[in-house]
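*Asks:* Each chain is listed here by its residues.
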Amino acid sequence: MSLKSSLFLGYRFLFDRSEGRRGLKQVKGAFIGIALSLVPLVVVLVVANGMIEGITRRFVEVGTSHIQLKNYIGTDRNSVESLVQDVSAVEGVTFAFPFSTGLALAYGENGRTGVTVKGISQSVYEEDEGFRQYIEMKEGSFDLKEKDSLLLSVGVAQKLDVKPGDEVRLVIARSFPGRRPVLRPVNFTVKGIFTTGYYELDGLSAYISYEQGAALFRDPGSLSIGVKVEDPYSSLDDITLKLEEVLKPNWHVVTWYDLEKPVYKSFQTTRMLLVFIMFLIVCVAAVNISSTMVMLVLSRRQDIVILKSAGADPRDISRSFFFSGFILSAFGTCAGVAAGLVLAVNINEVVAFIEKFLSNFVTFFASILFPFQEQKSVHIKLFDPSFYLERIPVRISFQEVFLIMFVSVALGSLASYIPARRAGNIRPLEILQKH
Amino acid sequence: MSEVLRIEGLWKVYSNGSEDLEVLKDISLSVEENSVVIITGESGSGKSTLLNLVGGLDSPTKGEIISHGNKVSSLGEDDLTTYRRNHVGFIFQFHFLLKDFTALENVMLPAYIAGVPKKEAQRRALDLLERVRLVQRKNHYPAELSGGERQKVAVARSLINDPPLILADEPTGNLDEVNAGIVKELLFSLVRSYKKTLLFVSHDISLKGVGDRHLVLEHGVLRES
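So the protein sequences, as listed, match chains A and B. Numbered by our numbering, the letters in the first sequence go through residues 1121 to 1555 in order. Numbered by our numbering, the letters in the second sequence go through residues 304 to 528 in order.
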């Protein structure tokens, strides 16, 4: 029997078209099973990729930069600025800027909180597209032109209960060798309130002008250089070598991956664990395919006799049933992956719908259970945006989607191998004698 | 005429623990090309067993079956498949049609299995359905056909690969008298017109005199009528 004939028979075994019959229930069950098992896997993968990428990009573009050039012994502004010019000329570097950083205690009208202060020049916002992309001004504007300019992240602004135009005092500790630290309070005017969309950055960050930052943070290692490159997610080894060639003694190249490795690794591990758990569900669905194939073979015993008496080889019969399993897995996989992608792409809308539905449901039941009490409408939040990104990002890696499809179809086909072999070994005589 | 089938000293014994059941006892038979051989016998006399052995669906305990130069009893699985595909056409008592294949698909299936291109298989199947006067029901499923029509489809199917030997195991056993007559008449006329050899087993003794030769199988022993 040709491959085409085997495929034809395998397909027809699955789809019963005779009058009054609409196919084996188990076949439909196995199809739905494999499809449903893939939906969470695809959603988890797409959303996890999106979340990791969303968080990593914010860290990399706003927080750490792609690469930092650090001098832990200490340096001065002139050396840093001259080095920035040299670094900017290095092939592959798209932008370089000096910055100063340190910790401070911020006092507002009605609160205080610790902040990570970064001194950068206005040009960073104007010239670095990556930085600008993830800084969304909620109030005021990105203005670091004045010496007393201060930009606060939403979390810090909320804690201090301040708005643009308000005054905030930053208390900075300066240490001197062999002496007690000296606290220095400096007053700033809030020029704008921004969000990066990620709670960890939004809860601690504040920006002041580069000049003011360099004047305030004088500890060794406070002055550094931020470097942006063309592709921060590919290997940074080459560019690191090139940068090391132009660096002066005591300067070190630190990539974003070095700085955020534990966080990045923990995200990747969580993602792998989730994918693994979801993959187990696919394995269960594959076992379901195997049992469905056993049922299919049982229900097709008479057909097997007919085929054998018509000259079909046992291998042809096995191959036809193997194709049945393959087709079933392939159809289920395609349906599941398509449904998963649709769900993942619309995950924000789906979550919003569920939240709205649950909120209305709870409000409605509360009004029935307590009819004489004044009811406040309930707003249920499934995911607290304070701990995640404000909007769940999605990133479809077609490479991974195709890998999932391949593995799922392979598993389903593998699961149908033994029932298919058994189908080929059925002896026509046993069935004929039963008739 | 040349010999198309020769059976020599054929025994079939089923063992049931300590007890042996001799179904066929020392059967010898020679069948000539293009002849119609009717074998009658009561239920349980071994008729179906004999046909299953000739068709390569079962293996004998002892003896030889030689069909078209093939020693059927000693063929391996692959050769048996080829033998069933090219040399034998089966018609069973129960029509044994694939229930979710149309009449046309059922008839063309053995040709399709044998590697005949779909269009050619379809052409042959339509031609045979025309001969059994069922071409207008070609797209009907077995459940939509009457018992007689189903057996006609089975007859057409047995001829699609142009096998020299047709094995009919009580093909009219499940039909009423009128339909049984129609199917028998159709089968004999097709066998004659396509120049096939027919081995027809039945419990119906009224078939005596219909074929070229009539044999009786009684308690596993075959004798001329």
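It is worth saying that the hints were derived from the structure and are not from the lab. Glycine residues also receive a C-beta, built at the ideal position from the N, C-alpha and C atoms. It cannot be assumed that every hint is accurate.
Listed below are the simulated DSS-like cross-link pairs for lysine-lysine, each with C-alpha atoms no more than 27 Å apart in a straight line [to be verified]:
hint, chain 1, residue 1, chain 2, residue 2
1, A, 1124, B, 511
2, A, 1279, A, 1258
3, A, 1124, B, 374
4, B, 402, A, 1148
5, A, 1258, A, 1476
With the Cβ distance kept under 8 Å, some of the chain B side facing chain A (calculated, not the full set) [stated by the list, open to error]:
hint, residue
6, 325
7, 355
8, 358
9, 360
10, 379
11, 382
12, 384
13, 387
14, 404
15, 415
16, 416
17, 422
18, 423
19, 430
20, 491
Residues of chain A placed beyond 12 Å of chain B at every Cβ, according to the derived structure [said to hold, decoys possible]:
hint, residue
21, 1261
22, 1367
23, 1393
24, 1400
25, 1481
26, 1487
*Asks:* Of the numbered hints stated earlier in the document, which are not met by this structure?
*Replies:* The structure conflicts with hints 1, 3, 6, 10, 11, 17, 18, 19 and 20, although it agrees with all the remaining ones.
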